[in-house]
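First to last, the protein sequences are chains V and G. At position 41 of the first sequence the residue is numbered 41 (full-length UniProt numbering), and the sequence of numbers has no breaks. At position 80 of the second sequence the residue is numbered 80 (full-length UniProt numbering), and the sequence of numbers has no breaks.
These are calculated hints, taken from the structure and not from any lab test. Any given hint could turn out to be false.
Claimed, not checked - Just some of the chain G residues that point at chain V, by a computed CB distance under 8 Å:
| id | residue |
| --- | --- |
| 1 | 112 |
| 2 | 119 |
| 3 | 156 |
Stated by the list, open to error - These stretches of chain V come out as covered by chain G in the derived footprint (C-beta under 8 Å, 3 or more residues):
| id | stretch |
| --- | --- |
| 4 | 20 to 31 |
| 5 | 36 to 43 |
All C-beta atoms, glycine included, are put in the ideal place defined by N, C-alpha and C.
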Amino acid sequence: MGDTSEAPPAGRRPRRFSANALLDGFFFIYAGIAAVWLAWLILEQSFDWGWFGLVFFVAFWLVLAYLVLPRLHRILTTIYVPDYFIGRARTSDGLLGDPVNLAFDGDEVQLHAAMRAAGWTRADDVTVASSWRIVASTVTGRSYDEAPVSPLFLFGRQQDFAYQQEVEGNPAKRHHVRFWRTPDGWLLPGGRRVGWLAAGTFDRAVGFSLFTLQITHKIDADIDVERDHIVATVLGANPQATVDVLDDFSTGYHSRNGGGDSISTDGGLPVLDVSEVPLAAIDEARPGGAS
Amino acid sequence: MSGKRPAYESPGDLARPPDRPPASMRRPAATAFGAVLVVLRVVAGVVWLIALAVQWRQVLEGDFGVVLEGDVDAQTLSDTGLVVILAGGGVVLAVELVFAVLVYRGSNWARITVMLFATISITWSAVDYFGGDAEITLRTTLVTLALDILVLLALSSRNARAYARRGRG
Numbered sequence: 001m002g003d004t005s006e007a008p009p010a011g012r013r014p015r016r017f018s019a020n021a022l023l024d025g026f027f028f029i030y031a032g033i034a035a036v037w038l039a040w041l042i043l044e045q046s047f048d049w050g051w052f053g054l055v056f057f058v059a060f061w062l063v064l065a066y067l068v069l070p071r072l073h074r075i076l077t078t079i080y081v082p083d084y085f086i087g088r089a090r091t092s093d094g095l096l097g098d099p100v101n102l103a104f105d106g107d108e109v110q111l112h113a114a115m116r117a118a119g120w121t122r123a124d125d126v127t128v129a130s131s132w133r134i135v136a137s138t139v140t141g142r143s144y145d146e147a148p149v150s151p152l153f154l155f156g157r158q159q160d161f162a163y164q165q166e167v168e169g170n171p172a173k174r175h176h177v178r179f180w181r182t183p184d185g186w187l188l189p190g191g192r193r194v195g196w197l198a199a200g201t202f203d204r205a206v207g208f209s210l211f212t213l214q215i216t217h218k219i220d221a222d223i224d225v226e227r228d229h230i231v232a233t234v235l236g237a238n239p240q241a242t243v244d245v246l247d248d249f250s251t252g253y254h255s256r257n258g259g260g261d262s263i264s265t266d267g268g269l270p271v272l273d274v275s276e277v278p279l280a281a282i283d284e285a286r287p288g289g290a291s
Numbered sequence: 001m002s003g004k005r006p007a008y009e010s011p012g013d014l015a016r017p018p019d020r021p022p023a024s025m026r027r028p029a030a031t032a033f034g035a036v037l038v039v040l041r042v043v044a045g046v047v048w049l050i051a052l053a054v055q056w057r058q059v060l061e062g063d064f065g066v067v068l069e070g071d072v073d074a075q076t077l078s079d080t081g082l083v084v085i086l087a088g089g090g091v092v093l094a095v096e097l098v099f100a101v102l103v104y105r106g107s108n109w110a111r112i113t114v115m116l117f118a119t120i121s122i123t124w125s126a127v128d129y130f131g132g133d134a135e136i137t138l139r140t141t142l143v144t145l146a147l148d149i150l151v152l153l154a155l156s157s158r159n160a161r162a163y164a165r166r167g168r169g
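Chain V extracted, bound-state conformation (with noise of 0.2 Å):
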């Protein structure tokens, strides 16, 4: 066995068959048993040291938290939800995530000259440094406009990029917004070509999530509420951006995101129009558009 044998050289087929892979998934799911185990031998320590037992419950709850219930999620996600369209991102563990209830028309550099004329801040990439810096504003309070946004996928990829606008002084509150690159020639259920799906969502409080218990931001439940503030702020910001909305493109897309938040919709799907949009508006967007 030797790093030769894993990996055949960039351009040869992909094989159909891989032991390293059967390996990989059995290792997969034998970690998610003993994780369970771990949890549980955990748990029954903090029965064993009195008061000091609490820190061990702080522990067996992380570790479900955060190890045991997104890999038993992962592993039964990777079984039961469908891995096409269905008009929902999906969380990294694999849950049903935000809905996708915008679509865009136009290039990368358009798009972001739209978003950022519009009043809207970059999310920055999940690093150490951005993660270092979400918990030095907290706790300092100082204001983190471009603190990142958790992944989110959708036809297998994480978001391409996001963008938010900070609610004034309250870090639990946002507007966000995610983009996805359509794959090319990929068209809507109905046969509408477009080449960027997004999904907005407004953050309205911090929680535990229901699914996996983790600490995470709580959505607001009327989802069109966010929809229609992303496209007022980007037609109002874009003479030139044109919308043209698909009536009760997702009605029947409702019920919970992935942490378990109600939502709630009309089904609109606006498809946004910015390949209009001139690219001078990016310099033009800089000192007005920081708002």
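Once you have looked at the hints, place chain G on chain V.
Only chain G this time, still in chain V's reference frame:
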């Protein structure tokens, strides 16, 4: 495109190798964390060896019923035994440390080997715990078992797998 799509997703999909991420992929936290955990496992091993050396006499008498009564030959023998155990343990730990580095640099075979040994160790503990009467508490083997399970969780995660299988060159 030709032919109809099957109405169900084939279980064979589970055995299909995942897409190979580009060589430029950044090292995910899971890989770095997994390597750090292997290092912690080595540290736990060093502590265990030191404890064994310090309590060598009690261990011989208590666990094996060997009593050394001023017998010079027996004393030499027991010292040799200790040196052999320490040397053997040291070699094993050194190899483990090399594996930690390889895992950190994204070697797939090192990752799978480490997971294999973690799995064996976890299974061993589980058999002892569920089949025998071994107690697993903080005072006995909970720390090493927890490290093994965390190593397995970290290195079997999708990010760690993708990083170890990324394209090279």
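(message) Hints numbered earlier in the text: which of these fail when held up against the supplied structure?
(response) Of the numbered hints, all hold.
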